[in-house]
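Asker: Chain residues, written in single-letter form:
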Amino acid sequence: MAGTAVRGRLTWQTATVGAVMDETPSVRTISLSVPDWPGHQAGQHLDVRLTADDGYRAERSYSIASAPGEPVAITVERLDEGEVSPYLTQDLQPGDEMEIRGPIGGYFVWDPTGSDGAAPLLLAAGGSGVVPLRAMLRHRSRIGSSVPVRLLYSARSLADVIYRSELDHEADGVQVIYTLTRQQPPGWTGYARRVDQQMMAEVAWPVASPAPLAYVCGPTNFVEAAAADLVALGYPPQRVKTERFGATGTP
Amino acid sequence: MSPISRGFHRRHQEEEPAGRVPPGQYVTHDFPVLSAGPTPHTPLSNWTFSIEGAQSPASWTWEEFQALPHETVTVDIHCVTRWSKLDTVWTGVSLDVLLDAVSYTAPYVLAFCDGGYTTNLPVADLTGGKAWVAYNYDGNPLQSEHGGPARLLVPHLYFWKSAKWVRGLRLRDTDVPGFWEMYGYNMYGDPWREQRYAGD
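If you're matching them up, the sequences are chains A and B in order. Going by the working numbering, 207 is the number at position 207 of the first sequence; the sequence numbering is gapless. Going by the working numbering, 179 is the number at position 179 of the second sequence; the sequence numbering is gapless.
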């Protein structure tokens with residue numbers, strides 16, 4: 001349970017939008033310039049606060065998509081019935097300002113300097129649950145870590161895969177395994193179903209020495225299934241860290 | 001002074017009921033799930049609820065717990081991730097009933113759970129008809145992903161204080177941080193004062 005506690009008051013600060021990049025038709029990465037950002041760990045999140053000209057405010061939490069040491073970036077999936085994500089993915093432009101505070105959360109983080117720093121990583125992503133896991137992959141790459149990584153990424157179709165060009169060129173020691181649950185391109189030979197125990201048994205590191213560490217992030221149903229599959233394969237529950245997106249948990 | 005987010009407007013004109021949604025929250029009709037690890041599944045035959053740290057500790061099996069006086073309450077719940085859910089219906093045992101079974105003077109508890117989760121609360125927030133150990137939701141047994149077989153229900157605090165899979169309370173003379181509190185979440189967690197994080 002030891003972790004990096006977030007201490008002291010988290011204050012709102014003004015962030016300026018830098019580059020915006022469309023990852024898929026409904027997902028956008030937004031780089032932010034934050035003058036007093038205290039730094040973050042791979043896997044943490046931040047709060048966004050928007051203020052309308054009539055004073056109306058809305059706050060949401062988003063996973064940080066960038067590695068420690070990189071400029072802060074978030075990746076936002078548009079939920080059409082949402083209030084904040086349509087604005088962030090369609091209306092926001094470089095130079096716009098918003099308020100943020102963070103980083104938040106110290107459990108769903110990968111710390112390569114910690115006692116588990118050498119453990120093989122099993123990352124499991126459902127949809128936009130890949131965002132904090134991508135921060136871990138970038139962190140691994142930036143520090144030159146050789147920790148072996150397998151990423152099992154469940155997406156509806158190849159067009160829905162976020163960070164695809166980056167994931168297709170991942171470094172040595174990183175294997176990316178897709179499962180495309182709704183639509184597959186012609187000639188697709190990979191997985192084409194929701195994550196199940198057989199798939200997890202084929203993909204996940206065996207429970208052996210060195211004991212692997214699992215990070216599972218996605219919608220509730222995905223996380224419930226993937227985490228239960230890992231436990232059934234013998235992963236100790238305390239080595240399976242989860243982050244669930246409720247149906248409206250991260251608009 | 002907050003910067004104006006150019007072009008941002010309220011999209012949902014549906015007015016929230018006055019005085020029921022704390023600052024920074026929005027109403028959801030779903031029941032999102034947030035937990036740090038896999039959902040534990042403890043057989044009811046192995047389940048107990050214990051109060052430790054009292055002069056006379058107490059423990060109930062599942063059957064004994066079901067035989068305790070219970071009540072059905074309708075409450076609003078508020079998650080620190082910003083969703084609120086109004087008029088949720090729970091059945092469970094009041095903490096007044098449970099704490100009346102032991103003699104104690106400690107002012108704090110650390111709730112402990114299957115899966116290793118803990119959270120800290122003042123005893124004063126558990127007594128006086130404000131808190132329950134709930135085992136039914138909406139008339140049905142509480143599902144495991146929502147904390148079944150039984151979870152703490154302390155609706156006047158952020159919902160991480162309503163510990164899932166609760167197995168007991170440890171009475172304490174001092175207030176020590178639980179699981180999320182160690183990671184920077186607020187020691188008390190009053191949604192009406194927006195006490196999300198340490199220092200709020």
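None of these hints come from the bench; they were simulated from the model. Even glycine gets a Cβ: it sits at the ideal position worked out from N, Cα and C. Mixed in with the good hints there might be a few duds.
Claimed, not checked - Looking from chain A toward chain B, a few residues come up when the C-beta cut is under 7 Å (computed):
1. L10
2. Q13
3. S115
4. D116
5. N221
6. A227
7. V240
8. R244
Asker: For a quick check of understanding: which of the numbered hints are violated here, in increasing order?
Answerer: 2, 3, 4 and 5
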